[in-house]
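Novice: Protein sequence lines correspond, in order, to chains P and L. For the first sequence, position 24 matches number 32 in the working numbering, and the numbering has no gaps at all. For the second sequence, position 397 matches number 405 in the working numbering, and the numbering has no gaps at all.
One or more of the hints may lead you astray.
The list treats identical chains as one, so a pair stands whether inside a single copy or across any two.
As the list claims (entries may be wrong) - In silico DSS-like cross-links for lysine-lysine, where the CA-CA straight-line distance does not exceed 27 Å:
(1) Lys316 / Lys195
(2) Lys32 / Lys316
(3) Lys198 / Lys16
(4) Lys19 / Lys316
(5) Lys195 / Lys162
Simulated from the structure, these hints should not be mistaken for laboratory data.
2 protein chains.
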Amino acid sequence: MELMEIGKIAKEMKYELAKLSTEKKNQGILAAAEGLERDADKILAANAVDMENGRNRQMPQGLLDRLLLTEDRIHQMAEGLRQVVALPDPIGEMLGSTRRPNGLEIGKRRVPIGVVGVIYEARPNVTADVFGLCFKTGNAVILKGGSDAITSNKAIVESIQRSLESCGLMPKSVQLIEDTSRTTTEKFMKMNEYVDLLIPRGGAGLIRTVVENATIPVIETGTGNCHIYVDETADLAMACDIVENAKTQRIGVCNACESLVVHEDIAGAFLPMLETRLRAKQVEIRSDSRAGRYLKESVPATEEDWGKEYLDLIISVKTVSDIDEAIRHINSYNTGHSDAIVTTSYDHARQFLDEIDAACVYVNASTRFTDGFEFGFGAEIGISTQKLHARGPMGLEALTSTKYIIYGNGQIRE
Amino acid sequence: MELMEIGKIAKEMKYELAKLSTEKKNQGILAAAEGLERDADKILAANAVDMENGRNRQMPQGLLDRLLLTEDRIHQMAEGLRQVVALPDPIGEMLGSTRRPNGLEIGKRRVPIGVVGVIYEARPNVTADVFGLCFKTGNAVILKGGSDAITSNKAIVESIQRSLESCGLMPKSVQLIEDTSRTTTEKFMKMNEYVDLLIPRGGAGLIRTVVENATIPVIETGTGNCHIYVDETADLAMACDIVENAKTQRIGVCNACESLVVHEDIAGAFLPMLETRLRAKQVEIRSDSRAGRYLKESVPATEEDWGKEYLDLIISVKTVSDIDEAIRHINSYNTGHSDAIVTTSYDHARQFLDEIDAACVYVNASTRFTDGFEFGFGAEIGISTQKLHARGPMGLEALTSTKYIIYGNGQIRE
Numbered sequence: 009m010e011l012m013e014i015g016k017i018a019k020e021m022k023y024e025l026a027k028l029s030t031e032k033k034n035q036g037i038l039a040a041a042e043g044l045e046r047d048a049d050k051i052l053a054a055n056a057v058d059m060e061n062g063r064n065r066q067m068p069q070g071l072l073d074r075l076l077l078t079e080d081r082i083h084q085m086a087e088g089l090r091q092v093v094a095l096p097d098p099i100g101e102m103l104g105s106t107r108r109p110n111g112l113e114i115g116k117r118r119v120p121i122g123v124v125g126v127i128y129e130a131r132p133n134v135t136a137d138v139f140g141l142c143f144k145t146g147n148a149v150i151l152k153g154g155s156d157a158i159t160s161n162k163a164i165v166e167s168i169q170r171s172l173e174s175c176g177l178m179p180k181s182v183q184l185i186e187d188t189s190r191t192t193t194e195k196f197m198k199m200n201e202y203v204d205l206l207i208p209r210g211g212a213g214l215i216r217t218v219v220e221n222a223t224i225p226v227i228e229t230g231t232g233n234c235h236i237y238v239d240e241t242a243d244l245a246m247a248c249d250i251v252e253n254a255k256t257q258r259i260g261v262c263n264a265c266e267s268l269v270v271h272e273d274i275a276g277a278f279l280p281m282l283e284t285r286l287r288a289k290q291v292e293i294r295s296d297s298r299a300g301r302y303l304k305e306s307v308p309a310t311e312e313d314w315g316k317e318y319l320d321l322i323i324s325v326k327t328v329s330d331i332d333e334a335i336r337h338i339n340s341y342n343t344g345h346s347d348a349i350v351t352t353s354y355d356h357a358r359q360f361l362d363e364i365d366a367a368c369v370y371v372n373a374s375t376r377f378t379d380g381f382e383f384g385f386g387a388e389i390g391i392s393t394q395k396l397h398a399r400g401p402m403g404l405e406a407l408t409s410t411k412y413i414i415y416g417n418g419q420i421r422e
Numbered sequence: 009m010e011l012m013e014i015g016k017i018a019k020e021m022k023y024e025l026a027k028l029s030t031e032k033k034n035q036g037i038l039a040a041a042e043g044l045e046r047d048a049d050k051i052l053a054a055n056a057v058d059m060e061n062g063r064n065r066q067m068p069q070g071l072l073d074r075l076l077l078t079e080d081r082i083h084q085m086a087e088g089l090r091q092v093v094a095l096p097d098p099i100g101e102m103l104g105s106t107r108r109p110n111g112l113e114i115g116k117r118r119v120p121i122g123v124v125g126v127i128y129e130a131r132p133n134v135t136a137d138v139f140g141l142c143f144k145t146g147n148a149v150i151l152k153g154g155s156d157a158i159t160s161n162k163a164i165v166e167s168i169q170r171s172l173e174s175c176g177l178m179p180k181s182v183q184l185i186e187d188t189s190r191t192t193t194e195k196f197m198k199m200n201e202y203v204d205l206l207i208p209r210g211g212a213g214l215i216r217t218v219v220e221n222a223t224i225p226v227i228e229t230g231t232g233n234c235h236i237y238v239d240e241t242a243d244l245a246m247a248c249d250i251v252e253n254a255k256t257q258r259i260g261v262c263n264a265c266e267s268l269v270v271h272e273d274i275a276g277a278f279l280p281m282l283e284t285r286l287r288a289k290q291v292e293i294r295s296d297s298r299a300g301r302y303l304k305e306s307v308p309a310t311e312e313d314w315g316k317e318y319l320d321l322i323i324s325v326k327t328v329s330d331i332d333e334a335i336r337h338i339n340s341y342n343t344g345h346s347d348a349i350v351t352t353s354y355d356h357a358r359q360f361l362d363e364i365d366a367a368c369v370y371v372n373a374s375t376r377f378t379d380g381f382e383f384g385f386g387a388e389i390g391i392s393t394q395k396l397h398a399r400g401p402m403g404l405e406a407l408t409s410t411k412y413i414i415y416g417n418g419q420i421r422e
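Chain P on its own, in the form it takes in the complex (with noise of 0.2 Å):
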């Protein structure tokens, strides 16, 4: 179908949806769970086209992983959206109401977006996360998912689309983009007429071509180069503990640490602890010439160092002579994502939380915690790095805008 087409009808949904009511919402996002069991094997036949595709292309084992789904993982896409229904609806609360001198009534009501567009790589169960979330908060989808998926994600979106018409919704609230091309994707990011929002899921170089390519509005999600800086008076053990969990308990997500800023004063005491740790976990290690003394192997770090995600069992270890030293050296090459502090200073963990400029803060805990799910919002959309809309993990809110509503009796201005 043509690009444009796509959008109209997608703008024509928007209407629709913003008036559908919560259990009518809840009712297709049930639907398309018990649909996608159901069509199961349709979408594993849909993938095993697509998985032999990729393997005939030498895709990386780490994407075929990815890229591949099982009956589980079909399984996990279905619970997914059942938990979806769990959630309280955030369309139509009231976010305050005043009345002015003049008798005007002023409120503010939370409504959908309207058009979100998504642009993705292939991770086939992102086509049903993201219908589920969108179609909560009544929001009509446009997904562009990565060629490599498509088969898979044609299957996921014709099975959630039979679904919605069987409960007599409509079934284009959500549209695939098939022509995955690269002239389609650049039109599709600057279709402003139709689309709303666009929100790119992926690796830092999608995130950079949307970004650089999109009129529409972006929230950028996603990379993290997270810091964690162990204070001159932090509890050693626990510094350990934290650093290690933020290194080592999942090394390719973007809430992982990537950088590690100690004081001079502990590095002594704390780098060779914190090294048989690391070692033990096959972590390696960059450092400044500083903390290389305490190490037993460590390769220097440059200056490319302090700014790299490493996604990997690699970590850079800096040291400083004091807090503002951390925190300028935090806020030059952070990615506004996560940071923490490991200390047990009041005024220390204070100006950090006040001065480091991200997403999230922490102190004495786990970058690993920024997640929708761990903050409690049951759902996520994303991660955002900016800071307009939306910062930090993103629940069904984020989903969301607002509008006035303004009751009169006649005013008119003098």
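With chain P held as given, fit chain L onto it using these hints.
Specialist: Same frame as chain P, now just chain L:
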């Protein structure tokens, strides 16, 4: 100064500004207000240069009037700054906090956005306005005004910088890009490393250019094709008052009414009444043929008229058979700014509020109230017609972001 240098300085400033107390910030804004009045002669002399250049270049009278500064207008700029001092400081407010089952305490704090860029046309008063709003919210600001106002803008920014310096505050909290060339402006719009938010203030052409070229997140402001729908149950005298007010009270503004939608059943009774009122104010009417039958003088409206922001003594008139047709028409042609219904029907009022997709939806009141001051915000940085971050009149809060601050005692993720 080099553009990159300006960006770097602004980024340094943002960390300092984020730390300033409300008292210090108010002190700076008050000093700037006094400074502008003290420097009035210098500023007027600079403005005379711009005015002469403008006249030599045959600038239209309307633009010359916007460019002109007088003693009184400088006083108004200073008064505007004093009003911002009187407003509460939104920075530091806690927007809720939760304790998670694992003991993590997660709070959401209101913080400055960081570096705000503003691109505007030849209105030198915007220079002082924007400084006040940004300084109050702890944001560093980079201004790019129109080339026609460059001498005036330089004088105003220098005056503000001197005032800040005199009370020990950072003069470079506000910086002006003196090179107003197109190449520099295009580079400015892509300085994502240094600028967190870009706000275009001006006509539709400027806004489109920024939306199309910026890679920095933009808040789209301004254009308004506002509709008033007069329902078949309307109080016709009230409808006349509201339409006349919204069309004629001030014509060059984005919240003026540009299009009237009338139910066919009352068109015969209402349009002749309204025509008398609008003729008295020299308003030209462009109508569909059904409406034309009830009007003494009217030009046939073309398709182009329905989508047009006239900013002039012209109104388009469209007849409809029911409220559904009215809502469809308005949602097709509005700019998402402000639309109103005049009705005595409870159900129609409710349906209109629910289904019109605009920042501000009115029942029985003039669209001219869409304004930060009229809404009680005490200030206005613009009126957002997009759905992200801020929608409708933007007060100080629109210049803020949030960050999560998380208190732990050693939590790691399992």
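Novice: Looking at the structure, which of the earlier hints fail to hold?
Specialist: 2
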